[in-house]
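Protein chains: 2
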Amino acid sequence: MTDLNITRVDATEADFDTVLDSMLAWESVSDAQMQSTVAEIIAEVRQRGDAALMEYSAKFDRFFVNSMAELTLDAEAIEAAFNRLPEDKQQALRVSAQRVEDYHRHQVAESWHYTDETGVVLGQQVTALDRVGIYVPGGVAPLASSVIMNAMPAKVAGVSDIIMTTPAPDGKVSDFVLGAAFVAGVSEVYLLGGAQAVAALAYGTETVPNVDKIVGPGNAFVATAKQQVFGKVGIDMIAGPSEILVVCDGKTNPDWIAMDLFSQAEHSHDAQAILISHDRDYLDQVQASIEKLLPTMERQDTILQSLNDRGLFIRVKVLDDAKALINRIAPEHLELSIDDPESWLADIRHAGAIFMGRHTSEALGDYCAGPNHVLPTSGTARFFSPLGVYDFQKRSSLIGASATAASELGQVVSVLARGELLTAHARSAEQRIDD
Amino acid sequence: MTDLNITRVDATEADFDTVLDSMLAWESVSDAQMQSTVAEIIAEVRQRGDAALMEYSAKFDRFFVNSMAELTLDAEAIEAAFNRLPEDKQQALRVSAQRVEDYHRHQVAESWHYTDETGVVLGQQVTALDRVGIYVPGGVAPLASSVIMNAMPAKVAGVSDIIMTTPAPDGKVSDFVLGAAFVAGVSEVYLLGGAQAVAALAYGTETVPNVDKIVGPGNAFVATAKQQVFGKVGIDMIAGPSEILVVCDGKTNPDWIAMDLFSQAEHSHDAQAILISHDRDYLDQVQASIEKLLPTMERQDTILQSLNDRGLFIRVKVLDDAKALINRIAPEHLELSIDDPESWLADIRHAGAIFMGRHTSEALGDYCAGPNHVLPTSGTARFFSPLGVYDFQKRSSLIGASATAASELGQVVSVLARGELLTAHARSAEQRIDD
Chain H
46 MTDLNITRVD ATEADFDTVL DSMLAWESVS DAQMQSTVAE IIAEVRQRGD
96 AALMEYSAKF DRFFVNSMAE LTLDAEAIEA AFNRLPEDKQ QALRVSAQRV
146 EDYHRHQVAE SWHYTDETGV VLGQQVTALD RVGIYVPGGV APLASSVIMN
196 AMPAKVAGVS DIIMTTPAPD GKVSDFVLGA AFVAGVSEVY LLGGAQAVAA
246 LAYGTETVPN VDKIVGPGNA FVATAKQQVF GKVGIDMIAG PSEILVVCDG
296 KTNPDWIAMD LFSQAEHSHD AQAILISHDR DYLDQVQASI EKLLPTMERQ
346 DTILQSLNDR GLFIRVKVLD DAKALINRIA PEHLELSIDD PESWLADIRH
396 AGAIFMGRHT SEALGDYCAG PNHVLPTSGT ARFFSPLGVY DFQKRSSLIG
446 ASATAASELG QVVSVLARGE LLTAHARSAE QRIDD
Chain W
46 MTDLNITRVD ATEADFDTVL DSMLAWESVS DAQMQSTVAE IIAEVRQRGD
96 AALMEYSAKF DRFFVNSMAE LTLDAEAIEA AFNRLPEDKQ QALRVSAQRV
146 EDYHRHQVAE SWHYTDETGV VLGQQVTALD RVGIYVPGGV APLASSVIMN
196 AMPAKVAGVS DIIMTTPAPD GKVSDFVLGA AFVAGVSEVY LLGGAQAVAA
246 LAYGTETVPN VDKIVGPGNA FVATAKQQVF GKVGIDMIAG PSEILVVCDG
296 KTNPDWIAMD LFSQAEHSHD AQAILISHDR DYLDQVQASI EKLLPTMERQ
346 DTILQSLNDR GLFIRVKVLD DAKALINRIA PEHLELSIDD PESWLADIRH
396 AGAIFMGRHT SEALGDYCAG PNHVLPTSGT ARFFSPLGVY DFQKRSSLIG
446 ASATAASELG QVVSVLARGE LLTAHARSAE QRIDD
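Protein sequences appear in the order of chains H and W.
Position one of the first sequence corresponds to residue 46 (the working numbering), numbered consecutively onward.
Position one of the second sequence corresponds to residue 46 (the working numbering), numbered consecutively onward.
Honestly, I wouldn't trust all of these hints.
Given that identical chains are not distinguished, each listed pair holds provided it fits within a single copy or across any two copies.
The calculated lysine-lysine pairs, modelled on DSBU-like cross-linking and capped at a C-alpha distance of 35 Å, are [said to hold, decoys possible]:
id	residue 1	residue 2
1	Lys277	Lys362
2	Lys104	Lys337
3	Lys368	Lys277
4	Lys134	Lys104
5	Lys362	Lys296
6	Lys337	Lys217
7	Lys277	Lys217
8	Lys362	Lys217
Think of the hints as simulated: they come from the structure by calculation, not from any bench.
None of the values given here were measured: they were computed from a predicted structure.
Using the sequences and the hints given, assemble the complete structure.
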């Protein structure tokens, strides 16, 4: 096993900015070969529909079927999978789904309108999307929580048809994932993966209905396909590797912090775990906890590579200096392992989710605290938000002018539209001006 | 001049669905040459900064400068441009800005939090983006309204730094556009256009600060550049040609409707104007108005081509049948030129903006009614919303668990995380479970 070697830096050192920038740097590589492979898959699915989907399932998932019915699970099949789960998993999925639902109800936007002093009715009508698609990756880990986090905001928004696709390598699909689909209100599941699943959701086939928006994580093929169909349908944000920033005053059990850092590092070799403290001794203690605990971890190889490649311990002069670093890093997950985390909130401008206090592990948020675990990564919390109900609602502007108001405002339109040389616009408004 | 030849179809005919689908079809062409030209421009600006910008201004805009100062307008210069405008334009810009500001204030989202029965503090902190960039096209028409519509939601959201870029062909820039920037609260203007302006906003140069989000319309170079920098920064929606769907009960002055259709058709040859009525005679009357008025229009060539290529008159059996067509078309602009438009709202699921009643011309919404004129096109109102304050705010989830709550919920995390084979997640939560 390679030695542990986490980069440590002092924020007062001259080269600190350079080191931090280079550690934070992460850019998705756009590969021309990948782009053209995905474009071809999408074109095939658009042209040949179900036939192409069944061929791709055989080719990529070694799942040989004679009809789309074998790739389709209806509500009954989804419920049956839930019923096959052991009691503790059923209960945990139910608790998670309920808590996520409760939280997301606070995000529902309502329609509104008012009449202004000119006599114009103005407003916004808020409606849910009709039909959405959730992509759930296959692979080793059955991502039940991902199903709940992606489907529940759609359910709360009032989306009537929530479709899920997930690959079934060798024809196998996890009851845990299907059970999560049951508690999250998924309408039907198609056992499809990769770019072909995204293409089917975007354009529809004889069997798979086309959706209005596609969300959920996936490999490079899935991510590229989502980018290519963006505009035809909506997509969620573009996700990079997961990250955590822990700020600690030195009074939290260092084993706790070590394990919190591991919980991000275990995601992938390019995940990023950063710890900030003013206390050098405390950073040493966490380092010692990491050395002690790492050999006990199932995913120690991934954790080690992540910590060595992208892990970072930052010593600040005083803990308050961490605030500026938080806003500069704009972390996906921020743990404030300090005494009075609420007092910091007003100074925090950019973070996906803020975990307040020593007892609030980031893992709570991943599974069952209530807020969404789909969060902006790689500094994009500067402009992206957590996945939410607002991603599954859309708005229509409402404008209703009385004859008087149309006459009055028509004169303003006339000046502006003629200034822009758009005379049909001008005359459309002018003809409603009273003589 | 080519003859007027608007497609007319009856919704009761057998081939109606096919005709409608083919008339609505519109897909942006993604050109590999364009992609690579834009990628090269972006790379040049990232590598050589201001020097590249000055070279591109000379090459593309015939604007030869010795320093970036000549491409930079500060707040004083922006105000001076406003002061050079004639009184009627100043006044019209002020009215428009004020009305747009008033409407958008209704969209501001506030932070919220609550403590649930488990003792977990849950909430969402809403903050404005720090700095945004507005792209304003050059060309023949000085798009003052576009400046107001793109900048004002950012201003209302509380964005502290609103930067505008606009090309200055031959060194010329419109006082009307700069005057709009003044009333809309733009902080500074850079006289830059094309993909190079987008690159400068996304990555920053020695002079141009990098922004968090780029919004505003542009030509194919600009649109392609925005797609390429998406992820590094946020962007607004992908816009297609403008469209209008007018539903009329046959009781509105046909000249009014003809001019309303012109007001979209004058935008571009691929803009789309559709009229639906149950009344064949009325459709004939609007046709006659179009024939009468078209020769009087400044932009008659564009209008004629738009109406011939993409214009559509649809006769429905009864007017209520229009509701299903509205939701199928999901129009950018919907004019309900009928007696009681409010009674239709509950049935309308997809539309960018709804103009209610005979007096509410679409042009009112373009300039000064209050709602935004940046709206989803080409059926994307199924999942996109008008540009709004929500595009310039983002959210951070808040989670604060007491020791008791962390212990209780830790047991749920344990089951779910172990079910997903993510044992560091599990142990991170488990270590906070009370013995």
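Evaluated hints:
Taking the shortest Cα distances, lysine 277 and lysine 362 sit within 35 Å of each other only across copies (31 Å), while inside one copy they are farther apart (51 Å). Taking the shortest alpha-carbon separations for lysine 104 and lysine 337, neither the intra-copy value of 45 Å nor the inter-copy value of 62 Å comes in at or below 35 Å. Proximity of lysine 368 to lysine 277 under the C-alpha cut-off of 35 Å is restricted to the inter-copy arrangement: shortest distance 23 Å between copies versus 40 Å within a copy. Within a single copy, lysine 134 and lysine 104 get their C-alpha atoms as close as 33 Å, which meets the 35 Å cut-off; across copies the closest is 64 Å, which misses it.
In the homo-oligomer, the alpha carbons of lysine 362 and lysine 296 lie at most 35 Å apart inside one protomer (17 Å), although the nearest pairing across protomers, at 75 Å, exceeds that limit. Proximity of lysine 337 to lysine 217 under the C-alpha cut-off of 35 Å is found in neither arrangement, the shortest distances being 38 Å within a copy and 68 Å between copies. In the homo-oligomer, the alpha carbons of lysine 277 and lysine 217 lie at most 35 Å apart inside one protomer (31 Å), although the nearest pairing across protomers, at 37 Å, exceeds that limit. In this assembly of identical chains, the alpha carbons of lysine 362 and lysine 217 never lie at most 35 Å apart, being 54 Å within a copy and 51 Å across copies at closest.
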